[in-house]
Every structure is written in C-alpha cells, then in structure tokens.
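Enquirer: One-letter residues, chain by chain:
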Amino acid sequence: MQLHLKHRKASRIIKRVTEITSNGGLPKTGQYMVYVMGDDGYYQKGYPIGGGQRFIDNGDGTIIDMATGLMWIKDPQAAGLGSSMYWYDAINACENLDFAGHDDWRMPNINELLSIVDHSRYDPAFDPMYFIPFPDTWTPNWSSTVCAPWLDGAWCMYPYDGYKTVWSRVSDMCFVRPVRGGQS
Amino acid sequence: MAKATVEYKNGKKIVTYPNGEKQEYSKGNLKTAKDMFLKQRQKIDENIALIDDDLAKMVV
Chain A
1 MQLHLKHRKA
11 SRIIKRVTEI
21 TSNGGLPKTG
31 QYMVYVMGDD
41 GYYQKGYPIG
51 GGQRFIDNGD
61 GTIIDMATGL
71 MWIKDPQAAG
81 LGSSMYWYDA
91 INACENLDFA
101 GHDDWRMPNI
111 NELLSIVDHS
121 RYDPAFDPMY
131 FIPFPDTWTP
141 NWSSTVCAPW
151 LDGAWCMYPY
161 DGYKTVWSRV
171 SDMCFVRPVR
181 GGQS
Chain B
1 MAKATVEYKN
11 GKKIVTYPNG
21 EKQEYSKGNL
31 KTAKDMFLKQ
41 RQKIDENIAL
51 IDDDLAKMVV
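If you're matching them up, the sequences are chains A and B in order.
For what it's worth, full-length UniProt numbering labels the leading residue of the first sequence as 1, then goes sequentially.
For what it's worth, full-length UniProt numbering labels the leading residue of the second sequence as 1, then goes sequentially.
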C-alpha cells in the first residue's frame, strides 16, 4: 500500500463547547508519593492509571487507552518492528502495517507517545504489562513530530525514564511503537 | 533503508529527505538549534556535578 493513500479528509464540525463532558482527559502521572502538600502526589489529578481502568488488553496484541481513546500495539516486536530504524523508514513501516485486523496504524505524535508514560516507573517508564519494552530502553521511540528549532530532528521518548528528547531524522535510528485512532 | 542526502551550497545546508522534502538551513538556523542543545547540556552537566558532589561526600 502506498504511503498516505489510505487517508481521507475528515469533515470538521465546529461547535461551541459550553460543558466539559469528556470521559477521558489527561491521565494521572503515576506519582502517589506526597513530598509536600500541593504536589502531584497530593492531588493525583487525572484519569486513573491502575486498577484496569485505563488500559484494556484486547487479547489480540492490541491495547486500548480509555483516557485517550488510542489503540496501541502491545509488543511492536511481535508486529515485525523489532529493529531500530530511520525516521522515514519508521513512518513507512507504520503506514504499511497490517496488524490485528487494522491497517490504519501510524507513528504516534509526541503528545500521544508521552501519554503512556508512568512517572512512578523507570526502565521502562510505562507499564510493561501493557507495553512490552524493546530490549534497549536507552534507544528512544520515534514520534511523528518534527522538532521546530531543529528541523533535522524529530521528538522522541526514552523508554528508560520517559524523557522527551530529539534525535536526528537524517542519521539516527530509533524504535517505533505504532498507534491508531485519536481525534481528527 | 531510506536515507536523506545532505549538500552544502551557497553558505547553506540543504537536506533532501527520502520523500522529496527539501529543507534549507542557514547558519542562523543551526546556531539556534545548537543553543537549544547547549542549554539542555548545561543543565544535565549541573545535575551530574551535584550527584558527583554527593558521591564524593559519601565517604564510608
């Protein structure tokens, strides 16, 4: 399948929002420890991470995030994406991927990628029960978002600590964790 | 493997990406990017120095 051929323009409806009715929203960070009153652990705001409320394992190699509505691949290595690759190759690999009955996989943008980070964890900084890590947690996962101050780079995330970093689109190779769904 | 090609012409860096996208960089563009990385490195170096200082003081 050719890159981008399958995409259709979605019609956009503009409406005034007078009431916040979303069931999702920003997820909790994962910090439960209170270091000082008023800190993240004190309020623990956001969509719950644990207790099976946020991530649903579909049993077919995919995971649904109830907070964002995104579907992720549980183990990209099982989907044939076990090698680090250049940014363009990674985009093409996602666009051409047919997995678990879906062919609309794509590379996540940086906000989507960072949304799975659990700040109470490291190595990896996400729940490995739902997101099987690549063997090397110091090689980042690509996002589809280009780095505005340095267009040769794309934003990516270190699985080790969830740190947002930028690696070269020209010369670096990273892993990729495809996603599907999301708002248009 | 899809690799970008890089050439330097008329004082500019020109990158052609595998999909045909062309990106031109002036020296100013690259200096801005370099400053961003230097700032990030500065804070990382400071944090490493703080840890080194702690380690040095933790004598058994």
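For the record, the hints were derived by calculation from the structure and aren't laboratory data.
Please read all numbers here as calculations on a predicted model, not as lab measurements.
It is possible that part of the hints are untrue.
To be verified - In silico DSSO-like pairs for lysine-lysine, Cα to Cα no more than 30 Å straight-line:
#, chain 1, residue 1, chain 2, residue 2
1, B, K22, A, K164
2, A, K28, B, K34
3, A, K28, B, K43
4, A, K45, B, K22
5, B, K34, A, K45
Claimed, not checked - Derived Cβ-Cβ restraints for the label pairs, each shown as a range:
#, chain 1, residue 1, chain 2, residue 2, range
6, B, K43, A, Y42, 39 to 45 Å
7, B, I44, A, S168, 39 to 45 Å
8, A, P135, B, M1, 36 to 42 Å
9, A, D57, B, D45, 40 to 46 Å
10, B, Y8, A, Y35, 38 to 44 Å
11, B, S26, A, D57, 45 to 51 Å
12, B, M1, A, L26, 51 to 57 Å
13, B, G28, A, N111, 49 to 55 Å
14, A, G38, B, G28, 22 to 28 Å
15, A, D57, B, A56, 45 to 51 Å
Said to hold, decoys possible - Just so you have them, the derived chain B footprint on chain A, three or more residues with Cβ under 8 Å:
#, segment
16, 33-46
17, 52-66
Positions of the beta carbon are idealized from the N, C-alpha and C atoms, including for glycine.
Enquirer: What are the numbers of the hints the structure violates, in ascending order?
Expert: 2, 4, 5, 6, 7, 8, 10, 12, 13, 14, 16 and 17
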